[in-house]
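Residue numbers (my numbering): 1 to 385.
Simulated from the structure, these hints should not be mistaken for lab results. The beta carbon of each residue, even a glycine, is placed where N, CA and C say it ideally should be. Among the clues, some could well be false.
Using C-beta positions, here's what the derived DEER-type ranges look like [as the list claims (entries may be wrong)]:
1. SER60 / PRO133: 35 to 45 Å
2. LEU180 / THR248: 34 to 44 Å
3. GLN252 / ASP42: 33 to 43 Å
4. GLU97 / SER176: 47 to 57 Å
5. ARG4 / GLU95: 22 to 32 Å
6. ARG30 / GLN252: 31 to 41 Å
7. GLU97 / SER60: 18 to 28 Å
8. PRO337 / SER176: 38 to 48 Å
9. PRO108 / PHE324: 31 to 41 Å
10. ALA126 / SER28: 39 to 49 Å
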Amino acid sequence: MVSRVRVWLNRTYAENVFFMDQLRRNPSDRAVEIHATHGDPDSPVLAAADTAELEPENLSPAGYVEYALDQCRRRGTDVFVPRLHQSSIVAHRAEFEAAGTAVLAPPPEAVAVFHDKVIAYEAVQAIGVPVPPWWRVRSSEELVAAVEELEAAGHKACFKPASGAGGVGFRVITRSPFSLMHLSGFPSPYVPLDLVLEALERAEEPVDWLVMPRLEQPEVSVDCLTGPDNRVRLAIGRTKNGRRRGFTLHEQWLEPARLIAEGFGLHYLSNIQFRMFGDRPVLMDVNTRPAGGLHQLSLCGVNAPWAAVQLALGEDPGEVVPPFLGQDYTVVSGARPLRPMQLPHQRPEATEQRAEATEQQPLPAMPAEPVEVTAQQATVEALPL
Numbered sequence: 001m002v003s004r005v006r007v008w009l010n011r012t013y014a015e016n017v018f019f020m021d022q023l024r025r026n027p028s029d030r031a032v033e034i035h036a037t038h039g040d041p042d043s044p045v046l047a048a049a050d051t052a053e054l055e056p057e058n059l060s061p062a063g064y065v066e067y068a069l070d071q072c073r074r075r076g077t078d079v080f081v082p083r084l085h086q087s088s089i090v091a092h093r094a095e096f097e098a099a100g101t102a103v104l105a106p107p108p109e110a111v112a113v114f115h116d117k118v119i120a121y122e123a124v125q126a127i128g129v130p131v132p133p134w135w136r137v138r139s140s141e142e143l144v145a146a147v148e149e150l151e152a153a154g155h156k157a158c159f160k161p162a163s164g165a166g167g168v169g170f171r172v173i174t175r176s177p178f179s180l181m182h183l184s185g186f187p188s189p190y191v192p193l194d195l196v197l198e199a200l201e202r203a204e205e206p207v208d209w210l211v212m213p214r215l216e217q218p219e220v221s222v223d224c225l226t227g228p229d230n231r232v233r234l235a236i237g238r239t240k241n242g243r244r245r246g247f248t249l250h251e252q253w254l255e256p257a258r259l260i261a262e263g264f265g266l267h268y269l270s271n272i273q274f275r276m277f278g279d280r281p282v283l284m285d286v287n288t289r290p291a292g293g294l295h296q297l298s299l300c301g302v303n304a305p306w307a308a309v310q311l312a313l314g315e316d317p318g319e320v321v322p323p324f325l326g327q328d329y330t331v332v333s334g335a336r337p338l339r340p341m342q343l344p345h346q347r348p349e350a351t352e353q354r355a356e357a358t359e360q361q362p363l364p365a366m367p368a369e370p371v372e373v374t375a376q377q378a379t380v381e382a383l384p385l
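Please model the complete structure; the sequences and the hints are all you need to start from.
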């Protein structure tokens with residue numbers, strides 16, 4: 001009898017409830033037991049898991065690694081999918097392997113390259129992948145110089161943190177003065193240059209931003225599955241052009257993505273994003289983790305999470321080829337169950353108490369209505385952490 005696979009997802013994106021759904025609906029019908037931890041008791045990933053636990057607060061990266069190792073040992077975790085403190089966790093991969101746990105993440109060298117966008121751009125440019133022009137900015141003077149050079153070339157300037165994920169901190173520079181226009185409708189990514197400069201002058205510490213031209217659509221996110229042998233098993237592009245989404249296997253997107261995934265050893269699941277600069281695709285960002293929208297590949301008949309778990313367990317799924325490309329689609333929000341409300345005074349404070357409470361009263365899975373994978377269905381937009 002084939003044993004069940006125990007998978008742990010630590011503090012992750014809310015949309016990864018669909019990652020869990022796909023693990024349970026794996027084509028081999030192998031039983032999967034999912035454990036989830038999070039700092040937010042109302043994260044839907046806690047309700048979607050078979051067992052769940054609140055993470056201890058204010059742990060250092062080293063302290064979190066010890067917490068994670070304890071979790072894996074106590075629960076007999078087969079596969080650990082880390083998002084929080086990924087770089088610290090992969091640096092201790094041998095200790096997790098000694099505990100019988102495979103870490104579904106790239107090696108520390110690859111994670112380090114793509115933690116800093118400037119280092120990442122320099123590295124991928126060196127292997128022949130085109131990148132947009134960029135400036136590293138830490139002061140108001142450097143920001144003005146970069147913006148003026150971009151505007152002189154006919155581009156709109158934008159900036160984002162040199163290290164970060166999920167589009168957090170992305171803004172587009174405008175010369176328009178602040179007015180009621182900025183207060184009408186929904187919040188906009190556009191921010192007046194004079195307000196940014198004022199904020200920089202008042203800041204107590206320097207910023208670390210990447211300034212670059214605003215790139216044009218389509219945006220193409222290539223989801224890759226790469227083995228520990230550095231060979232890509234799966235590469236499918238998810239296209240985004242306004243509200244319209246779709247899929248592509250065009251080599252103008254897949255070839256540079258494979259070059260990055262194989263060249264830097266982005267083992268297991270990664271997501272490599274491109275946009276247009278003029279008439280050619282350029283790299284926008286590289287995520288060394290599963291993308292929040294990875295489950296959308298199910299519209300192409302592909303179960304990428306399960307293929308990745310197979311690789312982590314040493315069961316090579318071979319080349320994963322989509323049997324078809326799903327039709328264009330859009331994304332809409334939907335409801336997911338949460339755990340019952342727990343008042344602050346009812347929450348155990350110590351990690352040991354949390355673990356004991358979870359063991360005594362395991363949280364049953366609260367699956368949403370089954371989602372039949374068809375090209376006609378819409379999927380759920382990415383939700384915040």
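(request) Enumerate the violated hints, using their earlier numbering and listing them in ascending order. (result) Structure breaks no hint.
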